[in-house]
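Be aware that the sequence shown starts at 8, since it is given in the working numbering, and climbs by one per residue.
None of these hints come from the bench; they were simulated from the model.
Note that the structure is predicted; figures quoted are calculated from it, not measured.
Heads up, the beta-carbon is just placed ideally off N, CA and C, and yes, glycines get one too.
It is possible that some hints are incorrect.
[Unchecked claim] Computed Cβ-Cβ distance ranges for the label pairs, DEER-style: (1) 249 / 217: 37 to 45 Å; (2) 345 / 188: 21 to 29 Å; (3) 51 / 96: 43 to 51 Å; (4) 165 / 249: 17 to 25 Å; (5) 241 / 264: 52 to 60 Å.
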Amino acid sequence: MPPLILTILIPLGLVAYAWIIYPVMVWILGSRRHPERHDVIPDPELPPVTVLVPAHNEETDIGPRIRNLLAQDYPSDRLTVLIGVDGSTDGTASNARTAAGDTNRVQVIEFHNRQGKTATLKALARQATATVLAFTDANTRFEPHTIRRLVEPLADPRVGGVCGRLILHDPAQPTPESSYWEFETLLKRAESRLDSCLGANGAVYALRRDRFWQEIPDTTIVDDFVVGMKVREQGYRLLYREDAVAYEPLPDLRHEWQRRVRIGTGDYQALALCRRCLSPRYGRFAWMFASHKVLRWFTPHLVLAGVVLASADVLAGAWDGLHPTSGLSIIITLGSGLFLMMSAAGRSLAQHGRSRPAILVTAWHFLAMQTALIMGFVRYCRGSLQGAWDRTPRKIVERGK
Numbered sequence: 008m009p010p011l012i013l014t015i016l017i018p019l020g021l022v023a024y025a026w027i028i029y030p031v032m033v034w035i036l037g038s039r040r041h042p043e044r045h046d047v048i049p050d051p052e053l054p055p056v057t058v059l060v061p062a063h064n065e066e067t068d069i070g071p072r073i074r075n076l077l078a079q080d081y082p083s084d085r086l087t088v089l090i091g092v093d094g095s096t097d098g099t100a101s102n103a104r105t106a107a108g109d110t111n112r113v114q115v116i117e118f119h120n121r122q123g124k125t126a127t128l129k130a131l132a133r134q135a136t137a138t139v140l141a142f143t144d145a146n147t148r149f150e151p152h153t154i155r156r157l158v159e160p161l162a163d164p165r166v167g168g169v170c171g172r173l174i175l176h177d178p179a180q181p182t183p184e185s186s187y188w189e190f191e192t193l194l195k196r197a198e199s200r201l202d203s204c205l206g207a208n209g210a211v212y213a214l215r216r217d218r219f220w221q222e223i224p225d226t227t228i229v230d231d232f233v234v235g236m237k238v239r240e241q242g243y244r245l246l247y248r249e250d251a252v253a254y255e256p257l258p259d260l261r262h263e264w265q266r267r268v269r270i271g272t273g274d275y276q277a278l279a280l281c282r283r284c285l286s287p288r289y290g291r292f293a294w295m296f297a298s299h300k301v302l303r304w305f306t307p308h309l310v311l312a313g314v315v316l317a318s319a320d321v322l323a324g325a326w327d328g329l330h331p332t333s334g335l336s337i338i339i340t341l342g343s344g345l346f347l348m349m350s351a352a353g354r355s356l357a358q359h360g361r362s363r364p365a366i367l368v369t370a371w372h373f374l375a376m377q378t379a380l381i382m383g384f385v386r387y388c389r390g391s392l393q394g395a396w397d398r399t400p401r402k403i404v405e406r407g408k
């Protein structure tokens, strides 16, 4: 095979492996493993739990979030809530205290100087005394048994943390965002059966208190992913519990771009912080990390490399006459052009609130994800790391209150 063909096919082949071949492989391998069973723990034996909730300008959501947590099916004398109000300029703190009422189960800690999500969580963790720390967001809603389901697997000393199932809910209709999330959930389930989840989800997870990540820098952006990886790095498992359900509204796509770029920046930062997990000593977990995450994060780089090489080959063929590699290069070049046109049409549909034809909106969603990764990569290389976050407007969620 000519070297040029290999040079074009290798990066595109890696993309196909990451997005198609690996998901099929891990799903097949995971389906051969029986789901792990966890014993129901009687109330007197349940460990104390402190729920940590960072909040910045969440005056609308913080009250319902507190009431939802206090309504959990968990012994009231063993469940406390710490609200960290990080430099809010609205009524988040006062609304949180109003929702807490006279109960001593909720403590509101106000940080007047903005410090960022990771620093806020670390400060809350230092205040907590419970055996188990649960993490969630202000705009998330739990099912009544969610905390109980997160805690039960921790009875196994080999388990350091448990990640629940987050359902992104759009009251109107399914979207590429929610469909992609369901796809990721399938992979998370399979990876948990094989070894361990690749990172937690900040909306719904729990850790043993002594597994908390005080060593993680305050500037960490995707703290939930990094903490989950650190659990595995320390030799413990991070399990996925499908019946520990949480709901969260889909973000408003008009305000979604900056969040995606920020997460993209955090992905490359996470690679640097969790690079030890790529060591062969982690076996199957290292393979999953490289296949599911690292190759995904470098998908735009690989696609650009393949398309640029193919386009250059087509241009060279136009000058020198078609040669054996030009057929493949023409297909790749025309295919990339068609994809861009589909994405443009999908963008127009999405801006008008339409999700059909799904193939067009999905093409736009994928292109936006990859563009955000490129922008995030540039920011990471420039050292633009900031732990503070801004609230992303989201559609109202009614379920799980």
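To see whether the hints hold, each was checked on the structure:
1. 249 / 217: 37 to 45 Å: violated (26 Å)
2. 345 / 188: 21 to 29 Å: holds (27 Å)
3. 51 / 96: 43 to 51 Å: Given about 44 Å between the Cβ atoms, the range holds.
4. 165 / 249: 17 to 25 Å: holds (19 Å)
5. 241 / 264: 52 to 60 Å: violated (35 Å)
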